[in-house]
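J.: One line per chain: the protein sequences are A and B, in this order.
Throughout the first sequence, residue numbering follows my numbering, covering 1 to 197 in sequence.
Throughout the second sequence, residue numbering follows my numbering, covering 1 to 395 in sequence.
Within a straight-line C-alpha distance of at most 20 Å, the following computed DMTMM-like cross-link-like pairs (lysine to aspartate or glutamate) qualify:
id, chain 1, residue 1, chain 2, residue 2
1, A, LYS87, B, ASP221
2, B, LYS228, A, GLU84
3, A, LYS125, B, ASP378
These are calculated hints, taken from the structure and not from any lab test.
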Amino acid sequence: MKRLTLVLALCLTATMAQAGNSLIVPNQSVAVAKSPLTVRPSGEWNKLAARPGRSSETWTIDGDTLNCLTFYGGIEDGRTLFREVDKRGKPLPHFSSTMLLTDVPGLVENSYRIALGTSLFQVGKIEPVTLAGQRAVHFAYDFVSQGDDLHRKGEGYAAIAHGKLFMITFEAPALYYFDAGIETARQVVSSALLDSK
Amino acid sequence: MMRASWPRGVALLAVALASAVAANAPKSKLTALPPYAGAYEPKTVDERGVWMEADEDERKLRDSKFVVKDAALNAYVRQVLCDTVGADRCRGVRLYIMRVPAFNASMAPNGTLIVWTGLLLRIRSEAELAGVLGHEFAHFEERHTLAQFRQQRFATDVAAWASFFGAYGAVVQQAAIGSIYSFSRDQEKQADLRAFGYLAASKYRAEAEADIWDRLMDEADASAAGRKQRSQRYDGVAFFASHPTSLERSQYLHKLATTNGNDGEDGAATYGKAMADWRGEFLGDQLKLNDFAGTEYLLGQLAREGWTSELLFARGELYRMRGNPRDLLSAAQFYRDALTKGSTDPLLHRNLGMVLLRSAAIGEGRQELEQYLTLRPDASDASMISALIEQSRTN
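Take the sequences, apply the hints, and build the full model.
T.: What follows is the structure in structure tokens.
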């Protein structure tokens, strides 16, 4: 009986998760990460029900291990980028509203290193850009996650507005998927708007 | 089963060591090691199974991007191992240095020796490294993994490594102090004694092995206190449970040193030289773990003979990353101290400039950033720093 309940519970969870994933249709503005940040993708994306944290949301084309576009819609002062899995044993660094844009790549790096348990993470070129009309930082990075030992490349765009961190990152395996998906991701980034209300 | 067996093992070891005493002019009273059996093939079903898993793990390990391939570093660590256990024992060992910022070393039953870079950062001398490597080799030579496997199937180092490379998302323990050895207390003591034998017969000072333990436990305490956790130092569970207590360990190792002699070299200077090119990198990995108190303790330990510009820079980074207003002021001071000590690292100016800007010392901050760009005009973040300078003028 106990076994049957367990199986049933697992199925329900799976169904719910499946029901939560949804299609993002092209050429329509959509608010992301339950935030004032909106984007208008020119192609189809899949929005995953599972979210890395309270103020974030993940889109993918082929699956989140192959291409992963993540929106962070206003990380508040004192908050972490991701949901903390082991707050006591492996606490994540916090965003601070006094951070400079140049501090953001470091915050991303340290959060990834701890969350993924990896020591292979490097930040590459850091440049000034605009994101949703705000002064922003663009940074390239690459890392190897411990589970699959796979080399991934990433690109991040981050702005600090009203004391909150707004960021979009795209990452994919360095072999094929990053180059194949980066332009599509950049189009989404370039369409971003931030409601000033 | 295990508890009943070790006194006999230790007795055999003692006999073997004692019989060897007369053979050579001793550095210590314990000299020549028992002869090494050489190539060994697994004999039982259990053992073949353990070896098969270890071989499979090694195949994955060999191709892992986490392995540090640097030839000089590998040759150095191997040389210390060979100097410790002797050329014939050392010959069949495959060494893998893994880029993981935690203190760990392990040896699989098929002769795969794994050393994490966090261990290399914390070790102070060749003799200490020899102590750890000797201890791991002792587990290997005594075939403890097999005994442990029989006793508790999943409590082996092999299993720990299988989970390292296992299911997607599996995360290795990144706490500053990992579970260095997952053997029973009896096996630990047995390995300690045998490792002491290796060191006594080598050029190294045998007692060095005991020195590491107090520092590790102090660091674990500092991490726990910083994270508002209670110390696990005397816990009957987790990491230290499988080890003799520090007091017990310290007592029997000191006693051995007293009775058998404690001559030999520490090799602190040669170790420092061998690690010179790597310390900055390993420190960088440690700093990014968000373990303020543990890292502060570790930096204090590394700086026991004075704060070098490299350590001051690292301390500045630690405070900058925590980023409280008071931390930013401290960080600025550490960066300045590093500059005073003669460091020419352009990153010092960059990061000093950033903490000054965050501390509202705009003019000074801008000067430092400009200095950074002068020293490194083609830096990967040059355009961003230029933008920051411009922004600081308009704000």
